[in-house]
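Trainee: Chains A and B, in that order, are what the protein sequence lines are.
End of the first sequence sits at 90 in the numbering used here; the numbers just go up one at a time, nothing left out.
End of the second sequence sits at 1061 in the numbering used here; the numbers just go up one at a time, nothing left out.
Everything labelled a hint here was simulated from the structure, so no lab data went into it.
All clues stand as given, with none of them false.
One-sided excerpt, in silico: chain B residues whose CB lies under 8 Å from chain A:
hint : residue
1    : D336
2    : A815
3    : D951
4    : K955
Pairwise CB distance ranges (calculated):
hint : chain 1 : residue 1 : chain 2 : residue 2 : range
5    : B       : E224      : A       : H74       : 38 to 48 Å
6    : B       : D689      : A       : A36       : 51 to 61 Å
7    : B       : E250      : A       : Y18       : 23 to 33 Å
8    : B       : D520      : A       : Y18       : 19 to 29 Å
9    : B       : R505      : A       : Y18       : 22 to 32 Å
10   : A       : P30       : B       : H244      : 54 to 64 Å
11   : B       : G965      : A       : A36       : 14 to 24 Å
12   : B       : P519      : A       : R44       : 31 to 41 Å
13   : B       : D991      : A       : P30       : 37 to 47 Å
14   : A       : Y18       : B       : S191      : 49 to 59 Å
A virtual CB, placed ideally from N, CA and C, is assigned to each residue, including glycine.
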Amino acid sequence: MRLTCPLCGARDRREFTYYGAEDYLNRPAPDAPPQAWDDYLHNRDNPAGVTRDLWYHDMGCSSWLLVTRNTVTHEILAVEAVADRKGGAA
Amino acid sequence: MRLAGKGLIDRGQPVTFTFDGSTYQGFRGDTLASALLANDVRLVGRSFKYHRPRGILTAGSEEPNAMVEILEGNQQTPNVRATVQEVFDGLAARSQNRFPSLKFDLLGINDRLSPFLSAGFYYKTFMWPRPFWEKLYEPLIRRAAGLGSLSRQHDEAQYEKAWAFCDVLVIGSGPAGLMAALTAARAGADVILAEEEARMGGRLVSDNLRVDGQPGVDWVEGTLAELRALPNVRLMTRTTVTGAYDDGTFGALERVGLHCGPAPHLPRECFWRIVAGQSVLAAGALERPLAFPDNDRPGIMLASAVRSYLHRYGVVPGHRIALIANNDAARATARDLMAAGVKVAAILDTRPDASVVEDCPVYVNAQITGTAGRLGLTSITFRHAGGSATLEVDTLAMSGGWNPTLHLTCHMNGRPLWREDIAAFVPAPDAVPRLTPAGACNGTFSTAGAFREGQDAARRALAALGRSAPDLALPQAEDAPYALAAYWETPGVEGRQWLDFANDVTTKDVKLSAQENFRSVEHMKRYTTQGMAPDQGKNSNVGALAVLADATGRGIPQTGTTTFRPPYVPTSIAAMGAGGRGAGFAPQRFLTSDQASRDRGAPMIEAGLWYRPSYFPKPGETTWLEACNRETRMLRDSVGVADVSTLGKIDIQGRDAARFLDLVYTNTFSTLPVGRVRYGLMLREDGHVLDDGTSARLGEHHFLMTTTTAAAGLVMRHLDFVHQAFCAGWDVRFTSVTESWAQFAVAGPKARDLLATLLGEMPDLPFMGVADVTLGKVRARLFRISFSGEHGYEIAIPTRFGEALFRDLVARAEILGGGPYGMEALNVLRIEKGFITHAEIHGRTTAFDIGMERMVSAKKDCIGKAAAARPGMTGPERDQLVGLKATSPMGAGAHLFTPGDRVHRETDQGYVTSVCYSPTLDAHLALAFLRNGRARHGETIRVVDHLRKIDILAEVTDPVFHDKEGVKLRA
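If we strip away everything but chain A, and leave its shape as in the complex, we get:
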């Protein structure tokens, strides 16, 4: 498996550390109800098909990456830097 890091180019997956689903980016407000925090922390879809998840380029530029990929075909559809995503940064 290879990921194309926006900063470093196409690299082998051994350079990256997997974290989890994109959901980790959507942090609830501090006073959100417990159910919102449970969803954020624990509840995940397990799609057969397109999924978006987080990878850390720790053997490269230290960028956190949002990877869109297909769990069935293993196709990598898009890789973007978490810091650069639209509407993401506070």
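Given chain A, work out where chain B should sit, using these hints.
Mentor: Chain B only, in chain A's frame:
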């Protein structure tokens, strides 16, 4: 027998080798198989289950029979295929799976017992009595069955692994592969051409073929000369592509030193990972054996192998040869042999309507009904259109048609398609992204067809790469149609007809499987072990499938096929894990004081990847505990020096640095004055403790964070995530400076005196203060912090001065009656003081559990704050940090029970995390988590450790045993 003037071996380079202790001659360019056949050695092994005498079936890596052990010093490599191993001077090979000798094997009795040893017999026969399986049956069966044996020594040989990148990877160098490589190379693409064998050319160097009117070999050499001269082409021989993986990544195994014997610095094998933009699979095809009674005798070979031995090695495997085939192409075998002056007894053609026009007798509608010859073929008996006959022959060449070598196209879930006209599976289109099959592996068997498809595949690859293909004329070559009539086994005869030679599976076994309702191909495979040997069914799967299809009344496409998985050939773990033995297993991190500590005889202890001194023994001390007790007292009484550089150090700068620390720490750092240090607690987003440590404010917008040794990488990742995910716009940047600074703890009542002698003038530093100091001309940092509970400092200096400073500090300490201390004493000191490590913050504890819930600021948000407030994360039902005090040793991992309670899971009250003997208090101490523990100080609790046979009573106390008020710290 070797023929004069034939073959591509180097007759100028004779070599001597041994097989089963006998010495033989061969030539450079021979495989062990060709050299043995040249010496008329036909019997080379015994079969897996029945111990049947076996010879050489093939001339390639798919060989199921001729597996030998290669001996090299104290090394012994089993299951080496004689058809792959090249001979060199001094090569020593040994047959396997026989006792006492190859010609007389005691377990040959299994063959007579075969009626009782059919498929599934293990499961049926050895069912009862049950305990006998493990103790008696299985050891016996394992001894009797099996292939080679191991030396039971470590493999000390060298292996390598490597990466390669290219635009176009071409797998196989027959006509299709060479044409693809040439086309891509002329277009300027970066090309890797990988060939499994020692010599490029595929069937062009193994058959009597002509290309553009010249011998195929000459065309190959001319093409290779051009490719070699191009800077954008890499030719890799002896390299088998073993697997196809995601995104154009391939695994490949190169035999680097296996063909020339051991030499210094010469690896045996190299495991490659090749990343290719596009790839062309030109892996060719494998000829199929035919099933007929006793078709496994030495001397019965594949027709294509007979031609390979003839043309490539100048060897004929016998003196009187017959051919049986179900296709036209195999007849070249008989014609080539006759042209070389070898006697061909007859051609048997299984097809009723086949031509009989040859220079030798031809029998049509022929079916072999039996063969004879205990250790090698002596005769065959067959029926044919005109009756039946027996022929005295010592070699039988057979051809059941060809199976495209499509294995790699199945490695990413591709399911091959059945083509009735060639009675074979072919690759599904686009089974592997960016890979195009060409030539025989695609079901196109003529030489001209291979050239054409090779070029087309390269054009397709070049187009995808955005390159224009060169105008390249296709070479002229034979373009004969592939005429074949499917034929799998001799019908209506007694006797065993072998399918899988390597695992001793017969057509009867497959039919029995179907009869017992193991009708799915995957069930049949497991019931019979068909295709589960080192050749993974390369020779036999399709034949077995045909027999199963017939037995179950289905067609072959409906029966399906088993899944081909990587690796394509047996691959040594040593090659895949090259460099990973011994010190290569994990990186080693050494402190700047490492040598100074070792000079003092300190044993090293691993802390993550770091090596830290355990203790510093003095003359007369016989145990680690004596040294540890002395070092602990030394620090409490005078002064000790320890290297604490392994702690993670992260330099944090920017206008929003303080604001950022407020977000990642539970407590507030924006209020910390410059020049001061604060202890901080960090949570995971789920509310559990991630890490702790001190952070110093070096400037208005400049902090230095300290992490625990264990969590340094984790914290860095966490900071990067929080920043990039939640506040990417903030002006804050981090960099790890762990290895930029050496840092030493100087602690004890005389710590200030020691530093005063070093620094000349001691800065007036309050507890939890930091100041820049100068050592000679070197800028250093002095922190007044303590992990021992004593008046203490940590001094940090650029790494290159670390060793000098450590030696200097230790010398000064010794003058004051102190000295260095190691990890053991460091651990005792922190337990006495109730300081936590990752033994306590192990991932399941909250700030509440460790008694730090007041450190979670109510005035601001922080990572983990909301989740830490969820129900169940606080309260009396939690296991809370306590101290335990006892008169005898406790063990970390021991569980706690209320005295009088039964000891079982339901009454469990908590567990012990850290233990020590405290020389300061002359007591055994522990840190533990106890249910509602903070309300239970003063209680007596039962400590049970079944592993260490500990069952004692201890007193529950506050976790801080020593100097609870912190008087010494602030002195």
